[in-house]
Each structure stands twice: as C-alpha cells, then as structure tokens.
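A.B. asks: Take these sequences, add in the hints, and give me the full structure.
The listed protein sequences derive, respectively, from chains W and G.
Mapping of the first sequence onto my numbering: residues 1 to 416, in sequence order.
Mapping of the second sequence onto my numbering: residues 1001 to 1167, in sequence order.
These are calculated hints, taken from the structure and not from any lab test.
Every value quoted in this text rests on a predicted model; they were computed, and no experiment measured them.
Be careful, since some hints might not be right.
As the list claims (entries may be wrong) - Keeping only pairs whose Cα atoms sit at most 25 Å apart, straight-line, the calculated DSS-like set for lysine-lysine is:
1. Lys1148(G) with Lys65(W)
2. Lys1091(G) with Lys65(W)
3. Lys65(W) with Lys1069(G)
4. Lys65(W) with Lys1098(G)
5. Lys152(W) with Lys293(W)
6. Lys1091(G) with Lys100(W)
Claimed, not checked - From the structure, some residues in chain W lie toward chain G, with a derived Cβ separation under 10 Å:
7. Ile66
8. Arg225
9. Tyr243
10. Ser352
11. Ile365
Each residue gets a CB set at the ideal place from its N, CA and C atoms; glycine is no exception.
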Amino acid sequence: MTEIQQHPHHIKLSEESLQKQTTTLNLGPTHPATHGVFQNIMEIDGERVLETVPTVGYIHRAFEKIAERRPYYQITPLTDRLNYCSAPINNMGWHMTIEKLLGIKTPKRVDYLRIIIMELSRIADHLVCNSVVAVDTGALTGFTYVFQYREKIYEIFEEVCGSRLTTNIGRVGGFERNFSAASFSKLHGFMETFPKAMKEFESLLNRNRIFMDRCIGAGPINAERALNYGFTGPNLRAAGVDYDVRVAQPYCSYDEFDFKVPVGTTGDVYDRYMVRNDEIWESMSIIAQAINKLDALEKEFPEQKEVFYAPEADHFHLPPKEDVYTKMEALIFHFKMIMGEIDAPAGEVYHSVEGGNGELGFYLISDGGRTPYRLHFRRPCFIYYQAYPEIVKDGLLSDAIITLSSLNVIAGELDA
Amino acid sequence: MALTNETIQKRLTDKFGDQLTEWESPFGLLTFRAPAASSLKVLQFLYDDSELRFRFMTDLTGVHYPDRKDEELSVVYHLHNLIDNIRLRIKVYVPIEKPDVFSATQLFSTANWMERETFDFFGINFVGHPNLIRILNVEEMDYFPMRKEYPMEDPTRRDKDDEMFGR
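C.D. replies: In structure tokens, the structure reads:
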C-alpha cells in the first residue's frame, strides 16, 4: 500500500488521522451553524468528536496597534467592534478606564443612565445568545419572537446616540447630550411590554422536553476547569462560581443596586441558557431600580435633570454645537478635541466591566501623550474559547454546535 | 483577615527577598517586577500559598519599550485572588535579543492562548509552551507587528503626509 501523503497545510492534525477509520471534518470558517467566522478541524468517529483544532484570527483588525496611534476619543469606535452584540458596555468600559486615569468622578445621574444603557445591552446580548441556542436546537420561533424586542432596545440606543449596533455611545465623563423625552418613553414602553414576551419565550423553552433533552449534559465544564481556563461571566457562573465584576469590584454605582447573581451547577448548555435567562430578569430589575433612583434624584434636585456629564471632564467633552458656531472659545475646544490634542496624564490602569460575555478588561499604559502607549483588551471570548476542544471532546457533533452558540463566542471580540 | 497589598508585599518579600523590585500600587493595584529567571517560581508560590491563593489569571500581555536597554520587552501578568477579591500585577522584563520567559501554561490553562498571542505580536519566547505558534496573524508572517518599530502607517507611502497632525 502506498504511503498517503499529508497535504501541506498549516493546521496540525494528529499523526494517524489519515490512517484511522475516522473522519476529518472541516467545520467552518463560514458555516451557518457557527454564527461567525470560526474554523474547527474536527476528527470525528461517527458522530462522536475525538479532537478539535480551532483556528482563530479571521477577522483580526489589529485594534491594539491602531489604538496606539489614535487619540482617546477615536478608540471608542474600535471598542464597538469587539463584542458588537453589546457595544455600549464596551464603550462605557473604555470611558470609565479613561475616567479612572484622569481621576474623574461621574455624577450619580450619569451613573444611573449608564447602568440603564448597559443593562439594556446585556439583555440584548443574552437574548441573541439564548435565542440562537434555541435555533441550533431546531426552534426558530423563539428567535424571531424576541428579536422584535432587541429591535426595541436598539431603538432606545438610536434615540440616545443616533446609532444602533456599533453605538459609539457616551463620552468621557458621561453622555454627549441629555436623554430626550422620547428615549424615556421608549424605555418605559420596553419595560412594560418586554416581560410578557420574555415569559412566553421562557415557557416556550425552559421546560420544553425536547429542548431539555437536547441541552442537559451537553458541553459541560466544571468549576475548577472553568476557573483554570479563565472563564468569566455567565459561562463561569453556569459552572457554579458566583464571580461577577459588578459585585466583586463595583463600578458606576452598581453597589447601590440590589440584584442576584444567578449560578448554575453543571456548566452545561442548559445551565448557561438558564443563567442568561435569569440574568435578563435581574437586568430588568436593575433598570427598574435605576429608573426609580433617577426619578427620586430629579424630584429632590430638579436641576439634576440637566446633568449628563461630569464637569471635570470638560476637557474631553465636546461643547454644544450652537456654541461651536457662535463662540470662539467653544470652537477652539471643539477643534482641539476632534484633533485629539488633549494629553492624558502618565499612568497605568486596569479597569474591567462585566460585559455580556464576562470580564471585559482594559489595560492602558499612558506615557502622558495624546494616545495610549499601549492598550490591551482583555477579551473574555478569546480567553474562554480555548477551552472549546476540551468541552466538546467525546460529545456529539451536534452538541458541539450548540456548545459553540451557548458559549456565546463573538468573532469580533475573539479576534480583536 | 482580609488580604491587603501590604500583607501580600510582606509575604512575597519574606519568600523572595530583594529579587522582587519596583513595588508600587497605581490606582490601588499592587504592582511589582520579578526577574525572568524566577517569574514562574513567583507565580507558583502565589498559586500554592495558602494565604495568597492567586489562582485566577485575568490577563497576560506584552509591552515593548524600545528605549530601555536590555529590557526592551515586558510581559505583564494580572492575577486575581477570587476568594479575597484582590488583584495583583507582575511585570517581567527581558532583552529583545533573547526574549525568553517561562511559560505559565502548567499552572493556568488560560495562559496557553494568551502566551501565543503575546508571542504572535511581540515575539516573546515562552519556554515550555506546548504549542507556541502564531494565533491571530498569518503563519507566514516573519515579524512581530506590535513592536514599536512598526509604525501604523506604511512608511513607504508618500501620498499621505502626516507631519501636521500625526505623530
């Protein structure tokens, strides 16, 4: 028998893979079931996955390198494109990192408004993830149903900042402008209508026999391995560890809020699904609390209604457009900021926020110039996706698919 | 008793003496420098010690300082003690001619891809890494793009003069 030549390929397969009675399956990089550009070379025996070699980097855009040349403001749009399912959390995490470096303390009203936006985007993020898990198990109904409500969240973002998916929302120290009456009425509309839809979504799936049989026991990871792999966010909590950055190292006045940190036990697809569902309810409760706090604050101090950014952040906050057109001072400031001629103090800061997928960290080294000397994003997806081969090993191929979607791996965040 | 920066610093100095230098705590985050030769021992001690328990690796990344002679490249670790909820930052400096740092993959599985990423962008050689190949860039790349000698714009371009606004 002639020797089979291994095809020259940069992906390393196991030595015997060509001799064995198993199949090599190239899943991805573009495959409808992977929801993003992920390539996995799988060695399968029948339907059982023996080995997986993931390849990442298909949409690497060198954000860290680009950031070294851009003034602080122009980095915000880069963070949009990390986890694009919950872009406002990334934007605000970045703004809070700069605020930490500059020593700016934001007013309470800004904190509450930020929390409303961040929790809305968490709901949007979890909705996409959970409904996609349902799609991969064969139930398209839930997906099409809750997407209507993601749309309503995007309408609120649109009202606040003008864009929907990649939001570039907020500024250093707060927001670019105050929330309009329309954005509040849209928010209240969402708060009224969404719980009913969410309940229906839950009753469609939570105790659905087919869905449970499909998800329970698929793609599990225990707490010890999850911690060793640097899991954070819902995926870690599904394994039973109650680590949440909002609680562990509160930022943005999260310490004033009363909410639960849902945890699972086995860390399988079903637990991840349930943790995300419960978090949606917790986010709803946080938003309701934030609205109440806002109302109380505005009732007590009516002048607070006009507060939407920290006064100390003046050097990073664009003046109102009408002033730019009529006042020399404002025009100069506007020009300076747009051209990024504002130096930040030298220093080293690590700040993290609880993103949709876990701890989103910003490690910023400033040498006192207008751009970061070095900026590193701690992207939760990149860190936990490396556990994927271990999680899906010895499971079914179809379980590998729902594991990928329930881990909520977002290609933009993975590749940066 | 909750763990504080001072107790961590004392415990580490008791163990490693003056090997650990440049103690500071910018924004409350305890930071120190460890020599490349004993960086893994420090990580291991932080992991095993029953009081310190730094068993979660938050982040690992590289920084390039072209002006520092014989310590051009730096590896920065962020560790987290989830029980006492305290963070820590360790910096290791290596010369660019011989950028060897011991791999932490035996302690933290998560270090695998993070070290590959740091190798990919800075060319830091993690000794003992099971599979130190490029991860985000193409295999054929023969340079380390995050080093400071590679500017963002293509230096051969003449049609884009950034003299006024780009630096």
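A.B. asks: Does the structure keep Lys152(W) and Lys293(W) at a Cα separation of 25 Å or less?
C.D. replies: Holds - the C-alpha atoms of Lys293(W) and Lys152(W) are around 23 Å apart, at most 25 Å.
A.B. asks: Taking the least C-beta to C-beta distance, is Ile365(W) closer than 10 Å to chain G?
C.D. replies: This interface hint holds because 6 Å falls under the 10 Å limit.
A.B. asks: Should the hint that Ser352(W) touches chain G count as held when the rule is a Cβ pair under 10 Å?
C.D. replies: 8 Å, holds
A.B. asks: Would the hint on Ile66(W) stand, with a C-beta cut-off of 10 Å toward chain G?
C.D. replies: 7 Å, holds
A.B. asks: Taking 10 Å as the limit, does the beta-carbon of Tyr243(W) come near enough to a beta-carbon in chain G?
C.D. replies: Result: holds, 6 Å to nearest chain G Cβ.
A.B. asks: Going straight from one Cα to the other, do Lys1091(G) and Lys100(W) come out at no more than 25 Å?
C.D. replies: Given that 25 Å is the threshold and the Cα spacing comes to 21 Å, the pair holds.
A.B. asks: Given the hint that Lys65(W) pairs with Lys1069(G), does the C-alpha gap stay at or below 25 Å?
C.D. replies: 23 Å, holds
A.B. asks: For the pair supplied as a hint, Lys1091(G) and Lys65(W), confirm whether the alpha-carbon distance does not exceed 25 Å.
C.D. replies: 21 Å, holds
A.B. asks: Are the Cα positions of Lys1148(G) and Lys65(W) separated by 25 Å at most?
C.D. replies: Holds, at about 9 Å.
A.B. asks: Please verify that hint: Arg225(W), Cβ, nearest Cβ of chain G, below 10 Å or not.
C.D. replies: Hint on Arg225(W): holds, closest Cβ of chain G at ~7 Å, below 10 Å.
A.B. asks: Does Lys65(W) pair with Lys1098(G) here, judged by a C-alpha cut-off of 25 Å?
C.D. replies: At roughly 23 Å apart (the allowed maximum being 25 Å), Lys1098(G) and Lys65(W) satisfy the hint.
The earlier numbered hints are all upheld by this structure, with none contradicted.
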